[in-house]
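Asks: Sequence:
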Amino acid sequence: MQISNVGFHAVVENPRSGSHNSGYDDENHDYIIHPGELFNNRYQIACHLGKGSFGQVAKAYDTVEQQDVAIKIIKNKKPFHDQAQIEIRLLEMMNNQESESKHYVVKLKTHFMWRNHLCLVFELLSYNLYDLLRNTDFHGVSLNLTRKFGQQLASTLMFLSSPQLNIIHCDLKPENVLLCNPKRSAIKIIDFGSSCQLGHRIYQYIQSRFYRSPEILLGLQYDTAIDMWSLGCILVEMHTGEALFAGTCEHDQMMRIIEVLGMPPNHMIEAAPAEKRNKFFEKDDDGNYLCKESRENKRYRSPGSRKLADIIGVDTGGPGSRRLGECGHTPEEYTKFKDLVERMLTFDPRERIGPCAAVRHPFFSRRTDECGVSSALASHCRTLQQPVTMSSNVQINTLRTVAQPHFVEEHALNQMDCADSNTVIAHPQHIQLPQLNQVPFSDFVEILMSFISLFSKSMRFIQNLMFFYHD
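For the sequence shown, the positions run 1 to 471 when the UniProt record's numbering is used.
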């Protein structure tokens, strides 16, 4: 490897040791990255961040704007190049919108060709939500933080489904939701490499398995509602720490869904192609649909017997009773959470809650102003639907992929600094007491009284409570 100076920057000259593209690519047609190499006479490569079917992501330094960026380097193969062109078009459409909600989508700064590879330059973000769950030892984050993430994601789906966009993400999962800053709960959605617009659907095999909607599993037509299904799965996982439907294959995935939600409606089963229908179901002598046994003869609970209320711990203090007695984790709050998730996980996509209704659900009502929903989108939604009220009796008749740290800045999660109310809460040792003048007086009194009457233990616990409850 040779190093030469160009301007003020040391530039690595690629030794061309690869097997394709004149030695620049490896056997998989991925560009061989060398730290220090200067792309497009501007971006100096720092390190490798992640890899996927599309290609790879590298952290680089923009010598013009003097800031770190993430460069998505697409494989040197025509199908990947063509799909990346679609991703660029969709990202530019979203980034050019005037809506405030566009800030929930990763910003594409520019793109260029480099040695037969299409390169997309993005703002550099922080950890993804799966990294965050790992940092909690997969015990999940608080209901309050789950709410904050959910608000932003629902607002993003409202933005994507707006008439001027009609974009389906098609791969919403914790790995594709990144924190903007390790000190804040603000998030952005990344990886629109599988995305499409309504009416321009490209693929039928989409969505990561754990978050795959019933209509995709059944091979039916789909629309933006598939992203709402994924969001429902994500919200439960963020609070419990475990994937709600962790299927090992498509059959196992469907059976796990049925354990919680019961059988899909007959009209969906009958509308499915025979190959898909026969993969999951068979008829009894009376013509009723039954779940088909797996080839491994794996045993499942009866349809609908694994209750969502038990999974999230509505009446037992949260998942595994880990939130018992904590502020903001009352049965009333859990009931609202359960109602929202049930609406998101309705089998029939036509009956599934839409983004406009979701952002106005009672679970989010206390913090709607923090969501950053633009007035234009809110006005648009008011013309479509009436305010949402929570039903008292909601009727439900209806192997994780390897995390790819796209655009992830390399910092240790255990160094996460928690400085204000929007801080990511991971472990108690990461929680710091905010300035007292930042805490509303009524909240302070309530926290203090709860401390005196219930715990009387230590000043450290007061700090945790005050931080947790602070709006």
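These are computed hints drawn from the structure, not numbers from a lab. Misleading hints may appear alongside valid ones.
Said to hold, decoys possible - The calculated DSSO-like cross-link candidates involving lysine-lysine, where the alpha carbons are at most 27 angstroms apart (straight line), are: (1) Lys-279 - Lys-292; (2) Lys-283 - Lys-298; (3) Lys-298 - Lys-279; (4) Lys-307 - Lys-183; (5) Lys-183 - Lys-102; (6) Lys-77 - Lys-102; (7) Lys-183 - Lys-109; (8) Lys-51 - Lys-78; (9) Lys-276 - Lys-292; (10) Lys-107 - Lys-51; (11) Lys-298 - Lys-276; (12) Lys-51 - Lys-77.
Asks: Determine which of the earlier numbered hints do not hold for this structure and return their numbers in increasing order.
Replies: Numbers 4 and 6 - these are the hints that the structure violates, sorted from lowest upward.
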